[in-house]
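**Q** If you read the protein sequences in the order shown, they are chains A and B. Numbering of the first sequence is given in numbering that gives the first Met the number 0, commencing with residue 0 and proceeding in unit increments. Numbering of the second sequence is given in numbering that gives the first Met the number 0, commencing with residue 0 and proceeding in unit increments.
Since the hints were derived computationally from the structure, they do not count as laboratory data. Note that the coordinates shown come from a computational prediction; the quantities given were computed from them, not determined experimentally. Using N, Cα and C, we set each Cβ at its ideal position, and we do this for glycine too. A couple of the hints might just be wrong.
Claimed, not checked - With a straight-line cut-off of 27 angstroms between C-alpha atoms, the simulated DSS-like cross-links for lysine-lysine are:
no.: 1; chain 1: B; residue 1: LYS186; chain 2: B; residue 2: LYS220
no.: 2; chain 1: B; residue 1: LYS1; chain 2: A; residue 2: LYS49
no.: 3; chain 1: B; residue 1: LYS1; chain 2: A; residue 2: LYS52
no.: 4; chain 1: A; residue 1: LYS52; chain 2: B; residue 2: LYS325
no.: 5; chain 1: A; residue 1: LYS52; chain 2: B; residue 2: LYS51
no.: 6; chain 1: B; residue 1: LYS1; chain 2: B; residue 2: LYS173
no.: 7; chain 1: B; residue 1: LYS170; chain 2: B; residue 2: LYS186
no.: 8; chain 1: B; residue 1: LYS258; chain 2: A; residue 2: LYS105
no.: 9; chain 1: B; residue 1: LYS51; chain 2: A; residue 2: LYS49
no.: 10; chain 1: A; residue 1: LYS105; chain 2: A; residue 2: LYS115
no.: 11; chain 1: B; residue 1: LYS325; chain 2: A; residue 2: LYS91
no.: 12; chain 1: A; residue 1: LYS91; chain 2: A; residue 2: LYS52
Unchecked claim - Covered, in the sense of this in silico footprint (three residues per stretch, anywhere, with C-beta under 8 angstroms from a C-beta of chain A), are these stretches of chain B:
no.: 13; region: 23 to 33
no.: 14; region: 128 to 141
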Amino acid sequence: MNAEVSASAAPGAGEQAKLKYAHEIKQVCDCPPASSQSVDCYAYRFAFDKLDKSFTPVALFNPQMTVSGRPVAHCCEGYSLSMFDTLEQLRKRARAGLDRAPNFLKRIGDHFVRIKLTALDGIRTPSSSNGHFEFFEAATFDGPSRSLAHARLFP
Amino acid sequence: MKSFGRPFEPIRLVDTQNYICDLVNIEGPLVCLFRDAKRNWIYIWCDTDGVKRERWMIFPVSRPFLIAYLKRSSSLLDLVAGAESTYVLDIKSVPGDRSFDNSPSAANDGGLSTSRRLKKVALSEIEEYLPSYDSLFEEEFAPDISLARELIPVSFDIPIDGHWFFADLNKFSKIYSQLYAFFYCTKPRFVKNIGERVRSNLSAPWMGGYSRVNLFEALKKSVPSLHDLEIKSIQYASPGQIKIEALKSVGESVAGVIKNYLENRQVMVDAEKSINTLLSSNHLRRLDLSAKLDDQLFLSSENLNFLIEKRNLIASKLGCIEEFNKLAEYSPNSVVSAKAQLALLVRVKRLAELQASGLTDL
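With the sequences and hints as input, model every part of the structure.
**A** Pasting the structure below:
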């Protein structure tokens, strides 16, 4: 069952959208990508049953994971949140993972979270053909309080 | 998580393996390609306790099977089912260490606060972890792989002649494989992440001969076993041939550079000598220059230009401008790049000597 959560008020207009993890991001070349922009949109993300566990970038959640053999802490995507444009795209990604590793959802969470992103919440990369994008949080962004829905991926 | 009892396998089996690339990356590495001295190994992520233990299934896969997977005529399930042996690798963090490693490649780096356990298992014991029939290769989930590049190794001959001794065979195979690895790693390949590894090796302290040996050994380990040099047959006669299965274009690069060296031998010898003299007279041989840029080197602009000029001369005469440019791009500065080029030149010279003595005809 979807648990609707009311969104908190967006930061005041004119507030500087300084990125969370700005210090770490500064150490990584070309991060965030130049194509990143702040936009108003809805987004979907894999989540655990506990919402507060679901908004930690992978470089902090699991710093020794690798991306293409490089420590994730040295990669731009280590400090962003992986998101999708639609729930169906997120489910499609989940099914692809389950086809290869039946316990896939134990790793990334068997829930989804629906979020409303506003221009002051941060910046995001353009969506790829499968609807995926990376979201770089503003310092003021609080994921759990911005969540509109949090439920099982496959009820 | 399901538990597996003793006996466990020696962990050195995985310690001899090197990470090549992710074959499936969905919110993190899910299926990875490794290699040991000879074989391809597939790692499939299986399970986690959500706290400190991650489990991977690992198994060797033959060259034809891996190609079939990449061409989508076999699924991951087919690869597991066809594997001669299957193992479960448990990676567990040391209590108190909050940074838990769930990446098989990092586990292979050593020095991490993790403990690992390897258990040989029958397929029936890991049914719950098996991929589905639909687990075909998808380029979309493999950011490290470009199927647009040369994929399938083919057989080609290396003509041999004259009187070979064991020492010749040893020398030939060692140098040829190092040059093959160099030309493999300095052009875009089906594995796209090689450049970063070359860059990382060139950023090591280039003092004395240590890093040169390391570079070529590291390059060899970066070649996926799928594209490594596999001897299909050796016909020892006058003339004879060594039939190799590998990427033919890379073999042609090696052959081309040897021919070009022999045609420009004196120019090469002179260029090598003048670079060596410059490095020695400026005491640059034993300095750690890995963190320095060109303008931070203890080298006059005149000498720096001389170094670059000689590098360009060697590259142009050998016919490998693109490869030398790549080497320069990956190197922290021109001196490191020159040292790497000299190391390559030494190997080219040794192989050219075998050719000049009539033992090979590349």
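**Q** Run every hint past the structure and note whether it holds.
**A** Hint-by-hint comparison with the structure:
1. LYS186/B to LYS220/B: 16 angstroms, holds
2. LYS1/B to LYS49/A: 24 angstroms, holds
3. LYS1/B to LYS52/A: 25 angstroms, holds
4. LYS52/A to LYS325/B: Given that 27 angstroms is the threshold and the Cα spacing comes to 43 angstroms, the pair is violated.
5. LYS52/A to LYS51/B: Given that 27 angstroms is the threshold and the Cα spacing comes to 15 angstroms, the pair holds.
6. LYS1/B to LYS173/B: 45 angstroms, violated
7. LYS170/B to LYS186/B: Roughly 25 angstroms between the alpha carbons, so the hint for LYS170/B and LYS186/B holds.
8. LYS258/B to LYS105/A: It is violated: about 57 angstroms lies between the C-alpha atoms, which goes past 27 angstroms.
9. LYS51/B to LYS49/A: 18 angstroms, holds
10. LYS105/A to LYS115/A: Between LYS105/A and LYS115/A the Cα gap is close to 25 angstroms, so the pair holds against 27 angstroms.
11. LYS325/B to LYS91/A: 39 angstroms, violated
12. LYS91/A to LYS52/A: 22 angstroms, holds
13. 23 to 33: Holds: 8 residues of the region 23 to 33 of chain B have a Cβ under 8 angstroms from chain A.
14. 128 to 141: holds (count 9)
Figure legend: structure checked against the earlier numbered hints; hints not met, in rising order: 4, 6, 8 and 11.
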